[in-house]
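> The chain contents come next:
There are 2 protein chains.
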Amino acid sequence: MTTGFNERLEAVCRERKSRLCVGLDPDSSKFTDEIRAELKATRGEATKSDSAELSVSWLVAQAVLPYVVAFKPNMAFFEAAGDVDGPAVLANRIGAADPDVVTLCDAKRGDIGNTSARYAQAVFSVMGFDSITVNPLMGWDCVEPFCRDAGKGVFLLCLTSNPGADDFLLPGELYQKSAERAQNKVNANRNVGLVVGATRPELASRVREVAPDLPFLIPGVGAQGGSLTETLDAIRGRDAGRFLINASRTIMYPATDGAGKGWLTRVEEGARQLRDSISSALA
Amino acid sequence: MTTGFNERLEAVCRERKSRLCVGLDPDSSKFTDEIRAELKATRGEATKSDSAELSVSWLVAQAVLPYVVAFKPNMAFFEAAGDVDGPAVLANRIGAADPDVVTLCDAKRGDIGNTSARYAQAVFSVMGFDSITVNPLMGWDCVEPFCRDAGKGVFLLCLTSNPGADDFLLPGELYQKSAERAQNKVNANRNVGLVVGATRPELASRVREVAPDLPFLIPGVGAQGGSLTETLDAIRGRDAGRFLINASRTIMYPATDGAGKGWLTRVEEGARQLRDSISSALA
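Here the protein sequences line up with chains A and B, keeping their order.
So my numbering is basically just the index in the first sequence, starting at one, shifted up by 155.
So my numbering is basically just the index in the second sequence, starting at one, shifted up by 155.
Just to be clear, a hint being listed does not mean it is correct.
A pair holds if it fits inside one copy or across any two, identical chains being indistinguishable in the list.
[As the list claims (entries may be wrong)] Below 25 Å or equal to it, Euclidean Cα-Cα: the simulated DMTMM-like pairs (lysine to aspartate or glutamate) are:
#	residue 1	residue 2
1	Lys185	Glu299
2	Lys332	Asp321
3	Lys185	Asp304
4	Lys307	Glu200
5	Lys203	Asp240
6	Lys185	Asp296
7	Lys332	Asp388
Calculated from the structure, these hints are not laboratory results.
Just chain A, same shape as in the assembly (with noise of 0.2 Å):
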C-alpha cells in the first residue's frame, strides 16, 4: 500500500522537528537595494537566467532549508512577474536539495471535474508539486481529481485568515460543515488536508473537533497579526501534532535588526526562530 500524503507529512515533521511551512512569495515591490545586491553576488552560471523572483525565492529557500519541512511557492507572484515556468523550477530544485521536503503549490485552484483533473495533472505531473492548495467553492465533485493519487497532497480552503472569510465561510458554519466532510467523506485516500488561519483561534478550535485527523496549513501568523500560542492552544486538545504553520513575508523580508546582519542571514535566523517557537508553544 502506498503511503498516504498526510503519513509522509507526518514523518518529515517528526524527523525534521519542525512545523514550518515557508510561504514563497516573491513581491518585487519588497526587493530592496540589500536583496537586489545580494541577487548580484550570488548569481552563478546555473541560475543567471533566472528572473529576479524565481532568484529570490531559491536564495531564501537555501537559507532556511535546515529549519523547515515544507515550501509553498505563491503562483500568483511568478505569474505577474511573467515567470509561469518558476514555481517548477523551483519546486524541482528544491526537490533535489532535498527530496523530504514537501513543496505545497498555493495555486487555489477548483473547477469542474474534467477541468480540476487538468490542474491536478499540471500541478502534479508537469510541475512536479507533492501538494496544492484548493478551492472547494464550486462543490465535491470539483475536488476528487485533486484527491485521486494518495501521494498527493491536497489542502483545502477552510478558514482563512484575511477578513473576509466573514463572508462566505462562516454564515451557516460553512467552514465547519466542510471540514466535516473532509474528515469523513473525502480523506479516503488519506492526503487531504485544510487551510485554517491562525487569526480566530476559537473557530479554529472547532474545526479541530470534526476533523481530528487532519493536517492544518495554518497562515496567519506574522504578518496577518495571528497568534501562534492562542492558535495551538486552541488546537491542541485533539491533536495540535497535525499541522504546518506558514509564514512568508515575515520570513523573507525582515526587518532590519541594528546590528547590521546581511538579509539572508536575518532570513535564516527568521525561519530558525520561528520554528523553535513553534516547538516552544507545543512544549
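Fit chain B to the supplied structure of chain A, relying on the hints for placement.
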C-alpha cells in the same frame, strides 16, 4: 469617463448580433486523427512552434470568429500540456485578428488581497486578457483587486452548472446573496458579471431578480445538458439582454455528420447554428 467593461460587452453583442462565447478547452484526449491531420496540413511558418493545444485552439478561434462575441480559453488545459504561455499567445492573436472580440481568461482565481492583485496583474497586464473568471469563496476583500480597472471584466462564480453547486453555493442561498452583493456593492466600476449555469433555470431566474444589471456568463448548454430556451425564458423577465452563452466541447469537438464534412467546417457550422438558436430563442 472610461467605458466600463459591461458597457463594452453590451455594445459588442449588439453590433455583432451574437451572444456566443466559445470556450477553448484544448483537450488532447479529444484530438481525433481528423483533427491531427488538419493540424499538420495547416501548420504555417508563424505557428510551427505552437503546441498542439495552442494550434487546435487557434484553428477553432479563426473558424468561429464571425459568430462570437467572446473567447474563453481554459487555463487548465494549457498548464496540463506544459504550454503555460499558450493562453497569452492566443489572447494576443485573437485581439490582433479582431480587437472587438472579448477575451476571457477562465482561471477561477481568488486569494487574499495582495495575491489577488498579482493574479489580476498577470491576467490583465502580462497576458493581456480583457476579463477573467473569479472565485469569491475567500470573501469580498479577495474579489476587489480584480475589479479596480473599469475596462477589465470580472465574472464571479455564482451558480455553477455542475452537480456540486449543491454543496456550497446553494445552502443558505449563498448564490443569491452573493449575486445581490455583486449587484449592489461590487459593481461600482460597472465591470462585474456572474457565472450562472444553464442547468437550473428556476434558480437562474432568482439570480436575475436580484442582479438585474449584471451580465451572465452561462455555461452548461450542450455537453452538460442545460436547456437554452428554458434558461433564456427564466432570465428574460428583467433584462435577458445581458448574457453570454458559453459552449466549449460541443463546438470544438463536434460529432461527425454523415455528410462527410471536415472538422473545421463542422466547428464553424456548430458555432453559427448556436448563435442563430440563441437569436431565435430571444425573438
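> List, from low to high, the hint numbers that the structure doesn't satisfy.
4
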